[in-house]
Structure formats: C-alpha cells, structure tokens
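Q: Line by line, the protein sequences give chains Z, V and G. With my numbering applied, the first sequence corresponds to residues 28 to 165, in that order. With my numbering applied, the second sequence corresponds to residues 28 to 165, in that order. With my numbering applied, the third sequence corresponds to residues 28 to 165, in that order.
Quick caveat, the hints were computed from the structure, so don't treat them as lab data. Among the hints, erroneous ones may be present.
The list makes no distinction among identical chains, and a pair is therefore deemed to hold if it is satisfied within one copy or across any two copies.
Lysine to aspartate or glutamate pairs mimicking EDC-like chemistry, simulated, CA-CA at most 20 angstroms apart [unchecked claim]:
no., residue 1, residue 2
1, K156, E112
2, K33, E54
3, K96, E165
4, K29, E134
Here the structure is a predicted model, which means the values were calculated and not measured.
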Amino acid sequence: MKSYRKELWFNVPGRRGFVNITSQVREALRESGVREGLVLVNAMHITASVFINDDESGLHHDYEVWLEKLAPHDPVSGYRHNVGEDNADAHMKRQIMGREVVVAITEGELDLGTWERIFYGEFDGGRRKRVLVKILGE
Amino acid sequence: MKSYRKELWFNVPGRRGFVNITSQVREALRESGVREGLVLVNAMHITASVFINDDESGLHHDYEVWLEKLAPHDPVSGYRHNVGEDNADAHMKRQIMGREVVVAITEGELDLGTWERIFYGEFDGGRRKRVLVKILGE
Amino acid sequence: MKSYRKELWFNVPGRRGFVNITSQVREALRESGVREGLVLVNAMHITASVFINDDESGLHHDYEVWLEKLAPHDPVSGYRHNVGEDNADAHMKRQIMGREVVVAITEGELDLGTWERIFYGEFDGGRRKRVLVKILGE
Numbered sequence: 028m029k030s031y032r033k034e035l036w037f038n039v040p041g042r043r044g045f046v047n048i049t050s051q052v053r054e055a056l057r058e059s060g061v062r063e064g065l066v067l068v069n070a071m072h073i074t075a076s077v078f079i080n081d082d083e084s085g086l087h088h089d090y091e092v093w094l095e096k097l098a099p100h101d102p103v104s105g106y107r108h109n110v111g112e113d114n115a116d117a118h119m120k121r122q123i124m125g126r127e128v129v130v131a132i133t134e135g136e137l138d139l140g141t142w143e144r145i146f147y148g149e150f151d152g153g154r155r156k157r158v159l160v161k162i163l164g165e
Numbered sequence: 028m029k030s031y032r033k034e035l036w037f038n039v040p041g042r043r044g045f046v047n048i049t050s051q052v053r054e055a056l057r058e059s060g061v062r063e064g065l066v067l068v069n070a071m072h073i074t075a076s077v078f079i080n081d082d083e084s085g086l087h088h089d090y091e092v093w094l095e096k097l098a099p100h101d102p103v104s105g106y107r108h109n110v111g112e113d114n115a116d117a118h119m120k121r122q123i124m125g126r127e128v129v130v131a132i133t134e135g136e137l138d139l140g141t142w143e144r145i146f147y148g149e150f151d152g153g154r155r156k157r158v159l160v161k162i163l164g165e
Numbered sequence: 028m029k030s031y032r033k034e035l036w037f038n039v040p041g042r043r044g045f046v047n048i049t050s051q052v053r054e055a056l057r058e059s060g061v062r063e064g065l066v067l068v069n070a071m072h073i074t075a076s077v078f079i080n081d082d083e084s085g086l087h088h089d090y091e092v093w094l095e096k097l098a099p100h101d102p103v104s105g106y107r108h109n110v111g112e113d114n115a116d117a118h119m120k121r122q123i124m125g126r127e128v129v130v131a132i133t134e135g136e137l138d139l140g141t142w143e144r145i146f147y148g149e150f151d152g153g154r155r156k157r158v159l160v161k162i163l164g165e
C-alpha cells in the first residue's frame, strides 16, 4: 500500500471565492504513483470548503448569492460566535458546501464524471489557508 | 489490496426523484470479494447526489418540498447559470444533499446502521446518468 | 493492510446537542496501530451527523438557531414523515451538517488543521445512538 500527502496553499483576495484545484490534485496523484485507490481532498480550515461542481462563472455567482441568502454575513452581531470575529457565516456556508471530497483513482487517473471539477471554496479569505491531499492505494 | 469499480446507470423520469440503490451497492461489494475496506459511492454528475437516509415516502416528499424552498427551481431566470440551461437549482440541491458517501466494509458486508439506506438523488432527470462505486480493501 | 472498527455510543439528553469526539477518534486510532491511512467516522443513525468544525460554544448556539431556521421542528404536522414520529426536521438538519467525515492518518496521527475538531451532532436525542469509526491503512 502506498500513501502520499501534499498540502496546497491558497490566498484568496477578498472574503469569498472559488478556485478550481483539479489540476493540482491531478499533479499530486501523478507524484504519488498510485494507480488504484482513493484520494481525500479536504480543507484544513473550518471556514473553507472543498467540493465538486461545475467550472462555470454564472453558477459561481449563483452560489455566492444563494449562500449569502441561507447564511448572511450581515448583521455580524447576529451571531454569538462573532466576539472579536466576524466569520460565523463562513462556518455555516462551509457546512452547506462541505469540508471534503473523496475521489476514486482508476488506472492512475482521477475517476471523475465529464463535468466534475474539484474546487476550493473560500468563505473567510484574505489570508493563507491550506488544503490537504491524501492519497491511498497502490 | 483489492480494488473494484462499477458504474450504476439511472434514468429518472421527470425532473427529480430518489432511488434506493443499497442492494446494487451490496451486489458490487459481493462482486469485489472485499471483506474489509471502504466503498465510495458518488454521483458522476453535478446535478445529482448520493446520500444516506431513510427509505420512507413521507420523508422523501418532505425533502422535495424542503429543497424546493431552500433552492427553488422557479423563476428559472433568477439564476445566471441558466443561459441555455434551466438546472441551476439542481446544482444547489445537490450541495445540500451531498455528492458522495463512504461506507465501511466489515466482514464482507456494508457496515450500515439499522435504518441507513443509500440513495441516488436526481435533481435534473429525464436522461441517463451514472453513479460510481469504487471499492478498496482486501 | 490493517483495518480496525470501533463503535462510539452517545446518549445526548434533550433533542439536540453537539459532542466533541476528537479524543475518542484519536484513541481508536492508537488502538488500531495504523500509521498511514484513512479513518471514516460516520453516524449510524439518520437523524444525527458527524462533522468537523470549531469547538466554540457561541458557534454551536449559532448552528442551533440557524438549523432551526432552515429546517424548523415546528409545526411537527408540517412534515408528512411525522406520522407517529416528530423527527422529520432532524433528517433535514442532518443533511446540512453531513453524515460522515473522512480524515487522513499521517505518521500515526489524525491529520487535522489547527482548529479542526470532530463532532457528533445529535438532532433527535434522548436515547442511545452510535457512531462508527473505521480505520484503514498500515
């Protein structure tokens, strides 16, 4: 059994944003040499997500509007978590979008559907944050 | 280490529906011969889900109503994604219900709680779509 | 390849609550002897969650208020599932918070970010319920 670990670092300007990280995960897979297995990709921060969806700017705008409706940033004082913080909404948004994805590895490739792309979802940006890629297989 | 891969195909009539796929995942597990390990079951489409919950028609009705409230299909023009498409809401519903489940395999069986059943959740149906079952273990 | 299985049992008084189970998952990892691999931690009940977020009481209060807004318990009769039951809302809350987490194991430790803690989320408590810890690796 082989295992491989890599951290990906991001610094999203502004509070929120989505970054397509599919090629970086694919690169980690190449480095691992694993042909059959699983790859776990997870945010290591609790105000960020890793999720799989479409790389389409209209949809990303819709997600932004939708998440803001379901878990609004303002009023900041509406959350008890926001004592010296202003990111309670980010903890909610991250639960809807998810912490992690697990993707199958088949014949040395990410076993994704036609339109599946892996994203880093930032909900409290403006600083360096990281994603863990952990690969298990052989 | 053994690995096994199988695609399950679905064609849900109408826009939305839930299909209990537990027995199909169990069949894939039998075919794999794996006794101890993990099975990943994921939608290969970004407007569909795989999730675990109850096989109860009242609850499925409640999910339908609830998801429509949180991420309404109409008005279609309310989403920027809907340029030549009408499925932006499906991308949102899928995030709430999730892309995938990972289930433990113990002594050759799916290690599920008493009422846990695996479902395919369709949010943009009327065409053939698929689920990936990837089994890893020995 | 090693595999290890352990059930954690909980009896949360009242309907809802969050329990930090990080140390219990860490203990299971020690028992397994696995140094490199993955651990799956999942609720075995469909009205409970396992999720990763912050161990901060203000945030937990905010989650409680937020989930009640997105999927209210009352009116109980507003859900078709509630025929002889009153927990339809718990099935919804669990979908938002998630059934499971998968955590990397690196050099014999849970490979978590600085503030990541693993929680059991109870949405229909007052009875004994369990979480599955399944560890795979070597």
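Q: Hints first: check each against the structure and report whether it holds.
A: Evaluated hints:
For the identical chains of this complex, K156 and E112 are intra-copy neighbours only, at 17 angstroms inside a copy versus 34 angstroms across copies, given an alpha-carbon limit of 20 angstroms. In this homomeric assembly, K33 and E54 come within 20 angstroms of each other (Cα to Cα) only inside a single copy, at 10 angstroms, whereas the closest approach across copies is 25 angstroms. Taking the shortest Cα distances, K96 and E165 never come within 20 angstroms of each other, neither inside one copy (44 angstroms) nor across copies (45 angstroms). Taking the closest pair of Cα atoms, K29 and E134 come within 20 angstroms of each other both inside a single copy (15 angstroms) and across two copies (13 angstroms).
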